[in-house]
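**Q** As you go down the protein sequences, you meet chains A and B in turn.
According to the numbering used here, the residues represented by the first sequence are 1 to 94, in order.
According to the numbering used here, the residues represented by the second sequence are 1 to 314, in order.
There are no misleading hints in this set.
Capping the alpha-carbon separation at 20 Å, the derived lysine to any residue pairs in SDA-like fashion look like this:
1) A:49 <-> B:113
2) B:106 <-> A:54
3) A:49 <-> B:261
4) A:49 <-> B:109
5) B:106 <-> A:55
6) A:49 <-> B:265
Note that these hints are calculated values from the structure, not bench results.
Keep in mind that this is a model prediction, so the values were computed, not measured.
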Amino acid sequence: MLELAVGIILGCCALGAGVAMIAGIGPGIGEGNAVAKACEAIGRQPECKGSVTSTMLMGCAVAETTGLYALVIAILLIFVAPNMLVNILLGVIG
Amino acid sequence: MKSVKTQKKVFITVDVLLILMMVLPIVAGIVLKVLTTPPSEGVSISGAMVFFSIPMPFQDLLITESQINSFLVLISIFGLCLYMTHGIKVKAETRRQRIAEWIVEKVEGMVNESMGDYFKGYAPFIAAIMALSAFSSLLSLFGLYPPTSDLNIVAGWAILVFVLITYYKLKSGPLKYLKGFFEPVPFLAPMNLIGEFATPLSMSFRHYGNVLSGTVISTLLASALQGLSHMILGWLPGALSNIPIFQIGIPAVLSIYFDVFSGCLQAYIFAMLTMMYVSGGFSYDDYLLRKQKRQQKRMAKNKKSKTKNNLEVV
Numbered sequence: 001m002l003e004l005a006v007g008i009i010l011g012c013c014a015l016g017a018g019v020a021m022i023a024g025i026g027p028g029i030g031e032g033n034a035v036a037k038a039c040e041a042i043g044r045q046p047e048c049k050g051s052v053t054s055t056m057l058m059g060c061a062v063a064e065t066t067g068l069y070a071l072v073i074a075i076l077l078i079f080v081a082p083n084m085l086v087n088i089l090l091g092v093i094g
Numbered sequence: 001m002k003s004v005k006t007q008k009k010v011f012i013t014v015d016v017l018l019i020l021m022m023v024l025p026i027v028a029g030i031v032l033k034v035l036t037t038p039p040s041e042g043v044s045i046s047g048a049m050v051f052f053s054i055p056m057p058f059q060d061l062l063i064t065e066s067q068i069n070s071f072l073v074l075i076s077i078f079g080l081c082l083y084m085t086h087g088i089k090v091k092a093e094t095r096r097q098r099i100a101e102w103i104v105e106k107v108e109g110m111v112n113e114s115m116g117d118y119f120k121g122y123a124p125f126i127a128a129i130m131a132l133s134a135f136s137s138l139l140s141l142f143g144l145y146p147p148t149s150d151l152n153i154v155a156g157w158a159i160l161v162f163v164l165i166t167y168y169k170l171k172s173g174p175l176k177y178l179k180g181f182f183e184p185v186p187f188l189a190p191m192n193l194i195g196e197f198a199t200p201l202s203m204s205f206r207h208y209g210n211v212l213s214g215t216v217i218s219t220l221l222a223s224a225l226q227g228l229s230h231m232i233l234g235w236l237p238g239a240l241s242n243i244p245i246f247q248i249g250i251p252a253v254l255s256i257y258f259d260v261f262s263g264c265l266q267a268y269i270f271a272m273l274t275m276m277y278v279s280g281g282f283s284y285d286d287y288l289l290r291k292q293k294r295q296q297k298r299m300a301k302n303k304k305s306k307t308k309n310n311l312e313v314v
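With these hints in hand, go ahead and build the complete structure from the sequences.
**A** Below you can see the structure in the form of structure tokens.
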């Protein structure tokens, strides 16, 4: 029975990490949009390539934040949560 | 003539000492890592190693690899700065002075452009935070644990920035700062409060997540390449089966992106966001208005006390 419980904990942690990383779609679309617009802008006005590029990198980094939140959650679920949850389980059983 | 010679000798000795000051901390870090890392098989992704802990009233203070490494970086950067400015003259003669001047000019231009005239004095702070962040991330090139992939270190910087932001918001009027929470509608106050604290949180998570994800991905890729080369060459006898054919070169390409490009970009973005948040929270007009009001009050008080004094004298 204990093995089943530990197995469920480990499996659900891995599943949760996978589900959390679905959030990677958002920054992907957002950054793609930003880069596309930057390419358009550079195509229209090649002389302001430098400022456009730096602004785009800045915006990309900010747009990446939500994806990184998901990454942090996924890393916590993979590396930290299983240990903690199994310890809690063992504590409850005694 | 002799004095000139001795001067030159002294100059060169100081130079060598400063270069040692730059290089020795990193060498010390590598030696410490080699001595303290327990032998492990295969790939392992773990946090910073805890060297020892100091007992404290609420919670033990842990001295970890990331703290040690960040202090090593500090010493190294200090040595670099001293080396760059050693033997500085009014007219730039040496190459290092030209490089140092270029860096200072660039940072001052950047600060002036994005923060305005009032924050002119912020250039050293911004340069310091940028150099610390960039060199901390670049430490992973030496195989050391980069301090920026520990949330504690980056959160410390973000809290520092948060204190600065709040200070400048309060400086342009405490009442206005409190009123800002109840705008545009009063019942949004909790949301605004969360938004206020989300600034340092997102800043620290952004930096830490970027560096950490690079470390994790390169470790995973290294293990995958190890498995691949073992699969292909595994049938060879003896030591031949352990030749890492796929591990030559391929991880280096990723390292250029994750360690060099991403580390420097995150340093730039951290500094840029610091500048934007600090200068965005401060409005010079309100500050001037407040200063004028205070001055008028003080003048009125002084007049009153003067008249009182005069009356007493009379």
